[in-house]
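Chemist: Okay, here's what each chain looks like letter by letter:
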Amino acid sequence: MDFNDTPEEAAYRAEVRAWLEANAPRTRVGEVSHDDAPNLDASKAWQRKKAESGYACITWPKDWGGGGGKAWQSVIFGQEESKVTTPINPFAIGLGMCVPTIMSAGNDADKERFVRPAVLGDEIWCQLFSEPAGGSDVAAARTRAVRDGDDWMINGQKVWTSGAHYSDFGLLLTRTDPDQPKHKGMTMFWIDMHDPAVEVRPIHQMSGASNFNEVYFTDLRVKDSQRVGGVGEGWRVALVTLMNERLSVGGGGGGSGHGRVFKLANDVATLAGPAAKDAGLREKIAEWFVQAEGLKYTTYRTMTALSRGQTPGPESSIGKIVSAGVMQDMAHTALDLEDQFGIINDPALAPLAAAFQTTLMAAPGLRIAGGTDEILRNIIAERVLGMPQDVRLDKNVPFKDIPSGR
Amino acid sequence: MDFNDTPEEAAYRAEVRAWLEANAPRTRVGEVSHDDAPNLDASKAWQRKKAESGYACITWPKDWGGGGGKAWQSVIFGQEESKVTTPINPFAIGLGMCVPTIMSAGNDADKERFVRPAVLGDEIWCQLFSEPAGGSDVAAARTRAVRDGDDWMINGQKVWTSGAHYSDFGLLLTRTDPDQPKHKGMTMFWIDMHDPAVEVRPIHQMSGASNFNEVYFTDLRVKDSQRVGGVGEGWRVALVTLMNERLSVGGGGGGSGHGRVFKLANDVATLAGPAAKDAGLREKIAEWFVQAEGLKYTTYRTMTALSRGQTPGPESSIGKIVSAGVMQDMAHTALDLEDQFGIINDPALAPLAAAFQTTLMAAPGLRIAGGTDEILRNIIAERVLGMPQDVRLDKNVPFKDIPSGR
Amino acid sequence: MDFDYTDDQKFLRTEARRFLESRSPIEVVRGVLNDDSKSYDAGLWKAVAEQGWLGAAIPEEHGGLGLGHIELAAIAEELGRSLAPIPFASTVYFVTEAVMLAGSDAQKSRWLPKIAAGEVIGCFATSERAGALTEAQVQARIDGGKLSGVKIPVTDGDIADLAVVLAREGSRTSLYLVELVGAGVTRETIQTLDPTRGVAKLTFANAAAERLGEAGEGMALAEQVLNRAAVLLAFEQVGGADRALEMAKSYALERYAFGRPIGSYQAIKHKLADIYIKNELARSNAYYGAWALQTGAAELPVAAAAARVAACEAFWFAAKESLQTHGGMGYTWEVDCHLFYRRAQQLGLVAGGAKAWKERLVTELERRNAA
Amino acid sequence: MDFDYTDDQKFLRTEARRFLESRSPIEVVRGVLNDDSKSYDAGLWKAVAEQGWLGAAIPEEHGGLGLGHIELAAIAEELGRSLAPIPFASTVYFVTEAVMLAGSDAQKSRWLPKIAAGEVIGCFATSERAGALTEAQVQARIDGGKLSGVKIPVTDGDIADLAVVLAREGSRTSLYLVELVGAGVTRETIQTLDPTRGVAKLTFANAAAERLGEAGEGMALAEQVLNRAAVLLAFEQVGGADRALEMAKSYALERYAFGRPIGSYQAIKHKLADIYIKNELARSNAYYGAWALQTGAAELPVAAAAARVAACEAFWFAAKESLQTHGGMGYTWEVDCHLFYRRAQQLGLVAGGAKAWKERLVTELERRNAA
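Chains as they are written, first to last, in the working numbering: chain A, 1 to 406; chain B, 1 to 406; chain C, 1 to 371; chain D, 1 to 371.
There could be a bad hint or two in this list.
To be verified - List of simulated lysine-lysine pairs, DSSO-like, C-alpha gap at most 30 angstroms:
#	chain 1	residue 1	chain 2	residue 2
1	A	K184	A	K111
2	D	K10	A	K320
3	B	K400	A	K395
4	A	K400	B	K395
5	B	K320	C	K201
6	B	K70	C	K10
7	A	K263	C	K201
8	B	K263	A	K277
9	B	K400	A	K277
10	A	K296	D	K201
No lab work stands behind these hints: they were computed from the structure.
Could you build all of it, start to finish, from the sequences and the hints given here?
Modeler: Written out as structure tokens, the structure reads:
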């Protein structure tokens with residue numbers, strides 16, 4: 001075990017550092033919300049600069065705009081890029097999930113058309129899978145696509161779509177034959193998000209922010225040539241997309257945030273004395289720290305597998321479930337320590353309380369988005385530990401006959 | 001809300017106290033293990049004395065040997081009896097479950113024959129339901145009973161039978177028709193535990209103790225007149241038995257044992273100073289105390305329902321699941337506090353460590369016996385909260401065709 | 001032994017539920033949530049006053065209904081269920097209890113009838129900085145009978161007419177009655193994590209103040225008031241926790257995934273069972289607290305702390321896991337889960353955090369063991 | 001970045017597993033469990049010595065294999081898996097590390113070859129009473145170069161030839177090497193919660209003792225030894241936790257209830273997922289600890305504490321929930337669950353409890369923050 005780079009890795013890291021030093025802008029304008037075209041421009045400019053130097057999609061073939069490099073190189077680049085302040089990245093979903101799907105299941109014309117502009121950051125993609133009735137059950141998609149001459153007519157609704165409001169294209173999972181069993185009878189399309197038949201509405205989250213959207217389709221007409229994969233092959237194609245999602249090195253970064261708790265502990269007193277000397281709090285800090293460290297080194301193990309050219313083990317699947325839980329527990333504990341003061345949500349009057357409240361209001365989303373705690377435990381139990389699937393009542397029956405409670 | 005007795009309750013309590021004062025023996029010889037006939041004699045003598053004064057089975061009709069009293073009276077008697085040291089009670093299963101089943105489903109001859117001797121403590125009963133392949137799934141009984149002229153021939157095995165080694169009779173759940181669906185095709189019998197065709201073997205628990213037995217039946221011949229309820233009605237009869245079990249006011253007594261933890265805390269030091277001042281331990285003590293208090297007052301709520309002549313609410317179902325968890329957590333925490341000393345299992349050298357180790361080794365059994373944590377949560381979710389049953393694959397198919405993994 | 005609401009008390013609770021279901025539906029709560037200028041619903045406050053609830057535990061001679069604290073607890077449970085956006089706790093559990101506990105006859109006859117009639121909103125001002133409330137924390141002071149200093153946060157301080165203030169006179173602390181309409185008082189409304197309840201920062205500059213209770217007894221009295229409020233707040237928390245469980249139950253039955261209700265999956269079933277268990281433990285501890293409060297039993301400090309610790313845990317757990325049960329919907333502004341999540345946190349802090357109460361509980365247990 | 005075993009290390013671990021599966025099957029463990037006169041398996045000890053494992057981290061010049069601590073960790077993981085009933089930890093993680101850390105050349109040349117050859121069993125004697133180990137706790141003292149006092153509990157003290165003892169000389173503490181075969185030493189075997197590991201009470205009366213390391217450095221050296229042992233013990237714990245998970249997995253697949261494997265119920269599936277998560281966190285922390293130990297990094301105190309805290313939690317949780325997964329069978333003497341339940345507790349205490357290590361961890365973090 002060794003934290004040090006191999007000579008080869010060290011050389012690459014040095015090269016990357018030098019390049020970032022020379023090229024990385026020092027501007028980050030916070031998260032992409034519903035009104036930040038400027039920020040988006042900065043992101044696009046940075047993406048293009050990376051692409052032109054082969055640092056965008058490092059592992060992709062050069063002739064598709066990639067870097068033609070190795071997985072360990074993109075890991076190292078990611079580490080170094082994260083050290084410098086750069087615009088945030090609205091391309092992850094497109095380049096991480098949608099475009100790879102086009103590359104594996106799309107026709108040659110589409111590959112020609114879409115891959116390079118996406119890598120260059122000229123075009124942004126969103127993924128249109130989840131639906132109100134679906135949630136964790138992606139294969140329950142009801143958005144209908146009906147043949148209309150050479151075209152398809154699409155009606156329905158998607159939900160929880162990140163970046164739909166600034167995306168140019170979307171990868172859309174539709175139901176083309178409700179008489180088929182659930183996992184058959186679906187078909188995948190790419191669509192133009194600027195089409196007037198597509199309406200994007202922001203979702204108002206409990207935290208007040210809006211990072212996701214609902215997307216409505218009203219008589220959206222798409223050409224059959226926009227089909228990605230065969231008719232009725234939608235689920236197989238979707239699995240490719242979701243596979244790419246799971247392969248991306250899972251969260252767990254960011255540390256435990258115990259530093260902020262230390263700060264608080266030095267700031268407040270319990271009934272027994274200074275909180276910094278409170279053994280109960282100290283034990284909790286140790287437990288949070290150990291979990292955050294565990295995730296950090298678990299990520300290192302995943303990176304090691306990558307740099308050895310192996311497929312990462314299942315250990316990367318634990319990141320979100322652990323970090324979300326720690327976040328919620330830590331925020332709640334910190335506010336409890338603030339006592340009455342924890343009620344205040346005003347950074348000027350009570351900066352720490354306000355900060356922990358932000359975490360408190362974000363944590364429930366983290367425990368749900370991208371797979372709830374419960375779904376992730378199921379995935380670990382089934383895919384990692386080999387436990388049987390839950391009993392399924394939604395297989396081998398026509399989709400339209402599956403109980404849906406409505 | 002009022003802890004004080006009504007005049008009527010107070011009068012009865014006074015009468016009970018006086019009687020106990022005059023009659024209760026002051027001898028308890030620990031738990032009934034595999035070699036304590038003397039203790040058993042003391043228990044039987046005490047039971048007879050209670051019965052003769054109408055304090056055994058207080059709510060049962062007088063002409064069956066009961067006290068012809070009210071539920072609240074038996075609650076009060078239980079409270080007062082528990083304050084004086086009496087021999088432990090090996091009659092609970094018989095009088096709480098088996099005999100009531102005979103009373104509700106047995107024939108008149110059986111009622112005549114069995115009820116009074118059981119109340120008097122002359123005859124002890126055990127319940128023969130669980131089987132190795134069954135466990136939580138009582139209805140999976142495989143012990144076969146086959147017609148043989150006017151008799152039945154029984155072969156098979158039961159497990160986790162309390163008191164089988166000192167019982168005179170047993171209530172036995174058998175499978176009489178494997179071609180019927182699981183919950184049909186069972187039949188209930190009473191059997192003579194002294195029959196040579198019945199072999200009782202103690203189960204060696206991880207703690208070293210043996211409170212349960214395996215019971216084997218090899219060509220056990222019983223008369224058809226020993227049948228309790230109709231052929232194929234076994235499950236319906238068993239439900240009566242189990243219902244009586246659930247109605248008995250559920251655990252949660254005994255307090256949190258936090259007193260012992262206080263004792264320990266005053267005895268040892270942490271790295272930061274005296275454990276008694278350790279905020280982490282103090283928080284845990286508070287949490288254990290609150291749970292134990294919660295269970296105690298939950299039991300009071302149940303007793304209140306009884307004394308109001310109502311059926312207790314579902315709240316009594318939470319007792320064991322909470323207390324078993326607290327026991328295990330407290331023992332583990334206490335030993336951790338003892339540090340290296342916690343390894344010692346010698347009351348002379350380290351009395352507290354040894355005591356907490358006993359708890360540590362008993363706790364896993366508590367979490368399993370009489371319904372595992374998981375089964376109890378399911379019961380609460382389904383019977384109390386109205387959630388749907390788990391998907392069942394063992395219904396409406398012949399019992400012999402139900403997957404059993406062997 | 002009679003350890004449950006009496007039939008009369010059950011009737012009162014049923015009536016209260018019916019009343020609040022019609023007068024304090026979730027739209028009323030959201031009306032306050034969505035309007036920054038509103039920190040309570042004046043109409044609901046007036047209606048509640050007309051019910052006589054503000055004076056439920058106030059003796060008839062002072063214009064109250066002269067009912068007991070268990071009746072008040074039954075009402076509290078329903079207020080908690082409905083997330084009623086009114087200054088009930090501040091006015092009734094804190095200020096009314098403080099006046100009844102420590103007030104002179106004159107003070108009682110002056111304030112209790114006004115409170116019972118809904119003419120006076122109260123607030124309880126103790127906190128000055130982050131961390132558990134200790135006497136050392138108190139800097140607000142009385143000079144020449146006038147109060148100067150800062151109290152923050154003060155729940156309902158933005159709308160209250162009367163404050164009970166913990167302040168220092170010389171080396172000792174006492175409680176003081178301060179009319180906030182008077183001179184020398186400035187209030188600054190504060191944003192909080194539960195906008196359905198108003199909070200202010202109160203700054204006093206030589207404000208008129210009248211002592212409440214014995215001089216130097218301030219901290220002791222404040223703790224007695226907190227014990228009483230903790231019991232009543234526990235009922236609000238239990239009410240809210242039960243409602244959160246009911247929301248999770250009905251969603252688990254109507255929401256389908258993979259062809260069946262999510263309530264048929266053990267992950268959800270056992271989560272709901274765990275909520276139920278904590279709620280029952282909290283209810284039982286709350287009942288014991290109510291008994292101790294009603295009978296003025298010596299066990300009140302232990303009973304109140306136990307009730308608060310159990311109730312804080314139960315409502316927090318029920319609110320966060322009910323939200324989790326709702327999945328993505330639960331994280332939206334439109335679905336009500338976050339209102340319970342916010343209120344659980346607010347109620348968990350308004351009388352001091354659970355951590356501080358655990359310490360108080362253990363201290364009391366040690367005292368008991370020593371005795 | 002290379003954060004995993006190398007192929008050589010993986011090969012070593014595979015070999016170790018194969019060896020222990022044949023030489024230390026559960027029957028061997030039960031052989032010690034069921035025989036009160038046995039506190040270790042002498043045959044297995046001899047075989048392990050012949051493998052050279054006792055000297056894995058001992059330099060070749062002193063008769064060892066001169067491998068690194070990561071190789072030793074790989075062996076430790078397998079010893080943990082197999083619950084090997086031998087004094088490996090006491091001899092190798094504690095005494096050998098103590099001698100290599102603080103021993104003079106003479107002491108190293110005298111003891112390390114004997115240890116590597118399996119001729120000497122060691123034990124580490126620090127504890128004298130209940131509670132976390134502090135210098136104040138140490139009463140055993142040196143007078144005129146002779147040791148007097150009591151150490152309890154001393155794991156493997158009943159069979160050890162050589163003890164490293166923390167004792168007081170004047171006002172300061174130091175470490176001492178004491179030959180237990182010598183005069184002035186009485187041992188009393190002690191019953192423990194894990195009979196597969198032997199423990200004794202050692203009483204010294206003017207026993208010959210030779211100082212190990214600088215005078216007055218006793219506590220500091222003991223803590224350095226504990227840090228090293230904590231990392232290696234963490235690998236034993238991770239090995240045991242993984243084995244407990246595997247047992248639960250296979251039982252969940254073969255055991256049927258209500259017509260299907262219990263592993264198809266989410267209550268069991270999610271329980272196993274939670275075990276897996278804790279095991280992975282523990283493994284990752286252990287790897288970091290091994291790196292710090294191998295490279296002598298300044299992070300060792302933090303890394304060792306983190307590794308121990310995570311490993312104690314993981315093995316305890318895995319052992320108790322694997323047992324729970326086995327239901328009634330898991331509570332029987334015949335099924336092996338309780339062996340892991342016992343060992344998890346034993347390993348969780350032998351180098352000091354998790355609570356003490358959390359305190360040490362946070363103290364180190366504060367030191368780091370201050371720097």
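Chemist: The structure should be examined with respect to each hint, and the outcome stated for every one.
Modeler: Hint check:
1. Pair hint K184 of chain A plus K111 of chain A holds up; C-alpha atoms about 25 angstroms apart against a cutoff of 30 angstroms.
2. Under the criterion of a C-alpha separation no larger than 30 angstroms, the hint pairing K10 of chain D with K320 of chain A is consistent with the structure, at around 29 angstroms.
3. A distance of roughly 26 angstroms separates the Cα atoms of K400 of chain B and K395 of chain A; the hinted pair therefore holds under the 30 angstroms criterion.
4. For the given pair, K400 of chain A sits about 26 angstroms from K395 of chain B by alpha-carbon distance, which is consistent with the 30 angstroms threshold.
5. Annotation: proposed proximity of K320 of chain B to K201 of chain C is violated, straight-line Cα distance about 47 angstroms (limit 30 angstroms).
6. The straight-line distance between the Cα atoms of K70 of chain B and K10 of chain C is roughly 25 angstroms, inside the 30 angstroms bound, and the hint therefore holds.
7. At most 30 angstroms may separate the alpha-carbon atoms for a hinted pair to count; K263 of chain A and K201 of chain C meet this at roughly 24 angstroms.
8. Our distance criterion of 30 angstroms between C-alpha atoms is met by K263 of chain B and K277 of chain A, whose separation comes to about 23 angstroms.
9. The hinted pair formed by K400 of chain B and K277 of chain A fails the criterion: a straight-line CA distance of about 64 angstroms is larger than 30 angstroms.
10. Restraint check: the Cα-Cα separation between K296 of chain A and K201 of chain D comes to about 42 angstroms, which exceeds 30 angstroms; the hinted pair is violated.
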